[in-house]
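Use these hints to put chain B onto chain A, whose structure you have.
Protein chains: 2
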Amino acid sequence: MSKNNAGIVTVDWKPDKSETLPLPNQIVKYIIDKISKGDWLVGDRLPCQRELAKILGVNRSTLVIAIAELVAMGIIESNFGKGTKIVNTTWSLFMSSAPPNWKSYINSGIHNPNVPTIQVINRLEYKKGIIRLSTGELSPNLIPHDMMEEALISVAKRANSLNYLEPLGLINLRQALSNYLSRYGIHVPPSCILIVSGSLQALHLISIGMLKPNSTIFTERISYLRSLRIFQSVKMNLQDVPMDKSGIIPAKIDTRHLSSGDSLLYTIPTFHNPTGIVMPERRRIELLEWCKINQVPIIEDDAYRDLWFDHVPPLPLKSYDQHGVVLYLGTISKSLAPGFRLGWLVGPEAVIEHLGDIKMQIDYGANSLSQWALTEWLESGMYDKHLEILRPKLIERRDITLQILERHFKNIATWSTPKGGFYIWLKLNTKINTAKLFNLAAESNILINPGSIYDVVENNCIRISYSYAEIDELIVGLQRLADLIKNITYKDYREICS
Amino acid sequence: MSKNNAGIVTVDWKPDKSETLPLPNQIVKYIIDKISKGDWLVGDRLPCQRELAKILGVNRSTLVIAIAELVAMGIIESNFGKGTKIVNTTWSLFMSSAPPNWKSYINSGIHNPNVPTIQVINRLEYKKGIIRLSTGELSPNLIPHDMMEEALISVAKRANSLNYLEPLGLINLRQALSNYLSRYGIHVPPSCILIVSGSLQALHLISIGMLKPNSTIFTERISYLRSLRIFQSVKMNLQDVPMDKSGIIPAKIDTRHLSSGDSLLYTIPTFHNPTGIVMPERRRIELLEWCKINQVPIIEDDAYRDLWFDHVPPLPLKSYDQHGVVLYLGTISKSLAPGFRLGWLVGPEAVIEHLGDIKMQIDYGANSLSQWALTEWLESGMYDKHLEILRPKLIERRDITLQILERHFKNIATWSTPKGGFYIWLKLNTKINTAKLFNLAAESNILINPGSIYDVVENNCIRISYSYAEIDELIVGLQRLADLIKNITYKDYREICS
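From first to last, the protein sequence lines stand for chains A and B. This note's numbering numbers the first residue of the first sequence as 1 and each following residue consecutively. This note's numbering numbers the first residue of the second sequence as 1001 and each following residue consecutively.
Source of the hints: derived by calculation from the structure; they are not laboratory data. What you were told as hints is all true, and nothing was included just to trick you.
Computed footprint of chain A on chain B; a stretch qualifies when at least three of its residues, placed anywhere within it, have a C-beta under 8 angstroms from a C-beta of chain A: (1) 1122 to 1134; (2) 1194 to 1200; (3) 1206 to 1217; (4) 1317 to 1331.
No residue lacks a Cβ here, since even glycine has one placed at the ideal position from N, Cα and C.
Okay, chain A solo, but in the shape it has when bound:
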């Protein structure tokens, strides 16, 4: 990473004490080199001098000489209290020309950067020793590596398993999915199925392929979609819809934002991310009817369906859809292997063909290896076998997590028992700003997804996941998190409250 979230560059270099060039000169050379290559940009800051000296393995006095030189060259500005900042790339002084103005390019793109908290989460996940209390994927221990080996050997032997594939994806996989989907009352031919590189990509395809600027995307007030900028980047507006314990309330959709031909509704009706809510059948039919009458297509994200615990959840909206209103998204990223990066989009042929054409333009199709391997998983029955093994393991994790919560969070939060999926939506009793709690937790090597990334209205929730961290990590991590919340004294409380 060239910078952390605070715009401070990362230094992963030390001067060579055996070289003849003096240490300060080596440091000056290194910093000029980073800037001249465009790695570091004007406006980026260096770590504070004490920290930088430590990283470089030099005395503070050595560093001071180097900094003074760079300040004299007009390259950095050292400002007590504000740190050391790169201010100018006046290359004409010592170089024949300047690098391209990368900052301007980076700021010009139509696609917005991620929400800052998400950027930090994406990085911290790979920090050594961190306990990931919110990660939305299976622990490596829950992924069946023995069966995977079997599938991959069979794939490697296929003569054509490593070439490009047809625009909608491997026909064998689409046929296997067509069979699989019919279990859930979705009866479609392979021509109505597009293989995508994870269902997130389906949202990207829809956002660039089917909507004009200022279109409205209706979604649950608390929504996974809020943590993305996939629609906002192409100038769509997210419009919150109130929820109750049955999920989104169609009668409360604000019809002022409705205009024919450019609205969509996005929902996760089954094991909703992050709240875990399951929409009952009655509400599903009501929602579908509302969307049909108002001609608003639905994106139904069904990523968690196979992860039910005691009862099979109601059938997908798509199974009731007689009029091609629903674009249905499925994936094995949650139930089998996120690293396959595979999902599927089911919809009217005309839409599937159009989005398949755009997919060919942006990445020339999903990877063949995973497509063949998933076909093998589905056709052989291994996928079902895996689910049967997985479910009791997830239930065990859920139950232990609920016990830990009961022990440490009884007086500070409330929650419901998830009926499937990965998440517990923890509502804190006090109005703590969870974005700030996120930072405190990260300092204690605990990674949480603060509710603020899913809900812009209320801000006292945390998404807890029992799928990724191991049991001992859940025990340690949740206790530490509870302590953090409890230890917030009145003074701290005032400080971190919004």
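Just chain B, lined up with the frame of chain A:
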């Protein structure tokens, strides 16, 4: 596919003669169903009646009854000479509501559909019996499946090979690539490398992440980029640059289209697609110098580098780049396995980090399976071993193809001997419209890439590839293609000439 290129829907259904519902009624029901689900849209046409009757397996008279009924319902319009068209979805007549206006959604997206010829190529590639004379990938026979099995078994055993990965891609792979790139004089740390899902995706990321509307992309007059709409879809302008036998001519770049901070130059300096040109070192340095002085970043697409035949080609532009001017693209799609869908983008850290963040938003990273497998290929030395085996096989294919051309094309075209890569750029002596020749060839089960998709100025070239079709297919296919060209009589000639 719901429609072919002429907007004619595909019918893959037959009425059930054992059912009690009469055949015409079954046909009416089927067609209404396709339209009401949004599979077929207003404006789409049905196959001509003779053909449709054949597909449905019914008498012409049965079909006529069904069509008459649909016309009476106001759903289709039968117009002699113009065929049968879907004209209206007046659902109020027989349904409670209409499907969403999918046509409007499809036409609203900011991303353009593919060039029509490319759409047809993408589909015809999977037609049974077609000879693919232009396909830019290795034949399945040239992909080392034995070594692949070895790599995949080793990957399957890894505990963490199937989870999500860090934003820039697997660190082990980036480290292996950092070592690999240093062979070519590119010395960068893993933090300057972004793993992408094929290098095409790198172009998509740059187009949505770094450019504002009306930016200019300079490129070779004859360019692979012309066959894409990746930049045009986000309102960039492609600007042709004249070429000679050394490639793009920097002195001829039209500086009127140059404005600081929003221009880029795209080039394939090594085994250029489609012409096969190798830019000599002198021209490389000249081009880099021009871009440095004018502060125009270069996208160097180096997909074919490892596929040299007799001599190692000049070092990449990136290896001479001291000022972070070059964004370098590499991939194993051409040299090893396109189905891995893996490439890499090398550039200044600040750029890599920004594009990595956008990649996380649009597909949450490239697939882990391929990333681990490619690491294995690179670290084990298997990749180099494979290249040593591959090169003589490609040379053999090239030589045989040149012999076939010598035999059949001597009097109708000219070409050069490729020094690496996949392609022979065939220049026909007569000014045949190759887009039309493409259609004639397709009817004879021969798939060619007409020059018109790469060059909008001149139009008498064909890209021939010796990497995909087998030798016997090349023999049959090229002879058939030569015959097609020769058999164009004066009358046909006038007809198909532009």
